[in-house]
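Asker: Given chain A, put chain B in place with the hints provided.
One line per chain: the protein sequences are A and B, in this order.
Just so we're aligned: the first sequence equals residues 1 to 438 in the numbering used here.
Just so we're aligned: the second sequence equals residues 1 to 259 in the numbering used here.
Hints listed in this document are in silico derivations from the structure and should not be mistaken for laboratory results.
If you're wondering where the values come from, they're calculated on a predicted model, not measured in any experiment.
All the pointers check out, no bait thrown in.
Looking from chain A toward chain B, a few residues come up when the C-beta cut is under 10 Å (computed):
(1) A367
(2) M371
(3) V380
(4) D392
Taking CB as the label site, the calculated pair distances span:
(5) B:S152 <-> A:G357: 27 to 35 Å
(6) A:L35 <-> B:T59: 55 to 63 Å
(7) A:V108 <-> B:P56: 54 to 62 Å
(8) B:P56 <-> A:D187: 41 to 49 Å
(9) A:E51 <-> B:T101: 40 to 48 Å
Glycine included, each C-beta is placed from N, C-alpha and C at the ideal position.
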Amino acid sequence: MSHFKQFTRLIEDYPQFFNGDRKAAEIESFSQSLLADDDGFIRRFGSAVAEMMKPDYGVNVNGVTSPLMPAAAIRRNIPDFAPITITCVNDTYHIPHLSTDQRVKCAVYDADNFPFPINAYHTPSHFNRIFANKILHISIDGGNNDETAIQINNILAAAVDLAAFRRVFVEIGGGANLELILNDSSDSTPHNYFASQFVEIFLNEGASLNLYDITDTSDTTSRLNEMKIKMKRNCRLNIFSLSASAGKSVNIYDIDFESDNSEATINGFVVGDGNQRIGNATFVNHLSRHGKSNQNFKYVLDDASHGTFYGEIFVWEVARFTEAYQSNRNILASPDARISTEPQLLIYNDDVKCSHGATTGQLDAAALFYMRQRGIPEAVARTMLTQAFVGDVIDAIPLLPLRDRMRMLVEKRLYKRSSRPCDNCRMACDTINRDSKE
Amino acid sequence: MDKEILLDVKGLRASVAGKEILKGIDLTIRKGEVHAIMGPNGSGKSTLSAVLTGNPAFTVDAGSATFNGKNLLEMAPENRAHEGLFLSFQYPVEIPGVSMTNFMRAALNEKRKYLGQEPISASDFLKLMRQKRAVVDLDNKLASRSVNEGFSGGEKKRNEIFQMAMLEPSLAILDETDSGLDIDALRIVAEGVNKLKTDDNATIVITHYQRLLDYIRPDYVHILYKGRIVETGGPQLALVLEEKGYDEIKRKYDNNAAE
Numbered sequence: 001m002s003h004f005k006q007f008t009r010l011i012e013d014y015p016q017f018f019n020g021d022r023k024a025a026e027i028e029s030f031s032q033s034l035l036a037d038d039d040g041f042i043r044r045f046g047s048a049v050a051e052m053m054k055p056d057y058g059v060n061v062n063g064v065t066s067p068l069m070p071a072a073a074i075r076r077n078i079p080d081f082a083p084i085t086i087t088c089v090n091d092t093y094h095i096p097h098l099s100t101d102q103r104v105k106c107a108v109y110d111a112d113n114f115p116f117p118i119n120a121y122h123t124p125s126h127f128n129r130i131f132a133n134k135i136l137h138i139s140i141d142g143g144n145n146d147e148t149a150i151q152i153n154n155i156l157a158a159a160v161d162l163a164a165f166r167r168v169f170v171e172i173g174g175g176a177n178l179e180l181i182l183n184d185s186s187d188s189t190p191h192n193y194f195a196s197q198f199v200e201i202f203l204n205e206g207a208s209l210n211l212y213d214i215t216d217t218s219d220t221t222s223r224l225n226e227m228k229i230k231m232k233r234n235c236r237l238n239i240f241s242l243s244a245s246a247g248k249s250v251n252i253y254d255i256d257f258e259s260d261n262s263e264a265t266i267n268g269f270v271v272g273d274g275n276q277r278i279g280n281a282t283f284v285n286h287l288s289r290h291g292k293s294n295q296n297f298k299y300v301l302d303d304a305s306h307g308t309f310y311g312e313i314f315v316w317e318v319a320r321f322t323e324a325y326q327s328n329r330n331i332l333a334s335p336d337a338r339i340s341t342e343p344q345l346l347i348y349n350d351d352v353k354c355s356h357g358a359t360t361g362q363l364d365a366a367a368l369f370y371m372r373q374r375g376i377p378e379a380v381a382r383t384m385l386t387q388a389f390v391g392d393v394i395d396a397i398p399l400l401p402l403r404d405r406m407r408m409l410v411e412k413r414l415y416k417r418s419s420r421p422c423d424n425c426r427m428a429c430d431t432i433n434r435d436s437k438e
Numbered sequence: 001m002d003k004e005i006l007l008d009v010k011g012l013r014a015s016v017a018g019k020e021i022l023k024g025i026d027l028t029i030r031k032g033e034v035h036a037i038m039g040p041n042g043s044g045k046s047t048l049s050a051v052l053t054g055n056p057a058f059t060v061d062a063g064s065a066t067f068n069g070k071n072l073l074e075m076a077p078e079n080r081a082h083e084g085l086f087l088s089f090q091y092p093v094e095i096p097g098v099s100m101t102n103f104m105r106a107a108l109n110e111k112r113k114y115l116g117q118e119p120i121s122a123s124d125f126l127k128l129m130r131q132k133r134a135v136v137d138l139d140n141k142l143a144s145r146s147v148n149e150g151f152s153g154g155e156k157k158r159n160e161i162f163q164m165a166m167l168e169p170s171l172a173i174l175d176e177t178d179s180g181l182d183i184d185a186l187r188i189v190a191e192g193v194n195k196l197k198t199d200d201n202a203t204i205v206i207t208h209y210q211r212l213l214d215y216i217r218p219d220y221v222h223i224l225y226k227g228r229i230v231e232t233g234g235p236q237l238a239l240v241l242e243e244k245g246y247d248e249i250k251r252k253y254d255n256n257a258a259e
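For reference, chain A alone in the conformation it holds in the complex:
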């Protein structure tokens, strides 16, 4: 419990906010999850979460609405890509007006009136359940396979240190295809922000989802994020997770293969520097036959940044003919950077193909010298090698405008340090210029 002191005090200071049986049950369930630590969350990420909790954040206990800032929302748009855009300022969701006959339905519910179960799985979702007052509900009708694209821009902008709680529930109908982009950013004030987010997604039979989870915030922003995804038969899931700039951040990706013949891919990329602490945990649960999963996480850590990766593949006894792979490769670009990696493979039947592996190293000294001998300065050479290291993660992004966008974000992030001039650059500069003008 010591990790969450500030919030414990909050619970004492605002008894009216926590009145009622539901809240009491949630606090109880949160305490239980902390004490039990069944999934090892506190053991692995407790110290990072303790760091996150240090500032004395304000919590929106009175349900005050944060207004929409159109300029800030537009700035996060992706060229050649026109999704349904939902903007979340702090903890207020602003949804566009959609005609009632559309296949896509978006609504914001009070947690007290939410017509579906409000579940919790790991510590972050238990924690989120206590404080999240609003739930964004998205549903995509099944029955035809048109592409739907939804982008949720999560923006932290306030005049004080602030903790924001977001909860999203997505249901994708049978055979429907969804591109879902979650784009986290912070304003440029020096305030400390904390974002707790829980996203629960259901894929009905034959549904497919490409999920982009992008964290591009600031050194003073913390983020505790959990995503639970449940798949029925014949589903396709692609997750691309990018922590481009995240002060302190922990992501959990928990995927259930509830019925046969589904596939999931998680590609993750982390760039850390300064004193950033960035963790990812995956729980891939093969509960049915003929499931395929593939995880590929890459970290590039500079300065005194710390990274954590915990990857778990669980193949149950019933999950015969499973194929499950996991890889975690890391580059420590400075002597003070640290990575802690724990690849786990738990298999309870004989008819599977599985592998996992982790490597950690430095940039190739021979390649660095070769490039410098040709006249490429060390900082630029390091950046080019780093880019090459993560190239396959970015190439795996299925949608071209998003792939370009991710490549641009990553390059912008990597070149932040090398003060590289534009002349060698192959970024889509019109994109950046558009970005910086607004």
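Answerer: Using the frame of chain A, we list chain B on its own:
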């Protein structure tokens, strides 16, 4: 009438991991000259090229090296390159994920920046690539691949000379460019080097075999043994070596050392 001095090395001593490899090298190279450095395995040939180009794995313990009138040993490897020093690596490094085109454009534009020139335009760059590829018959497909990745031994060496053609160095060091080449590839690579030869640049050819010197005619041949240049002569010195091997050199200078 002597031409202008390009590189002047005096009393150069260098070590790797505390072990002294170069024990006092003196070498003067003028514009328009071709120098061959020969010697048995472990005599310090590759160390000399690594030290001159600034490989951080080696430590310079004493001596000086002046290049274009500037103190070479004080310069970062990238600036030595910009000043006109080029090394054709004995073992060219594979860099997966970095395309030849991006690699070459970065190298060329960094050099232009160093010289105060504007970056090259995309169309001029592609034209230059096409033109220089022809020097060593380098396949267009290789240019679009990652640097040296999956190249055969011969392709890697051709790629080195292609890069040399792109960067137009004033002093090129060819470190065992002939190793791993069949006769046809050897001819193509050597002809490439000869095409790039002018009165204003110079070449150091490091090799074990006289064969390469049939194609790239040296003005001077140096024999490096145990970290020192023990003999210097004309092209005929290489022929003598080819005939008699290094045994005589070893006997002669091992005895001298014992005295």
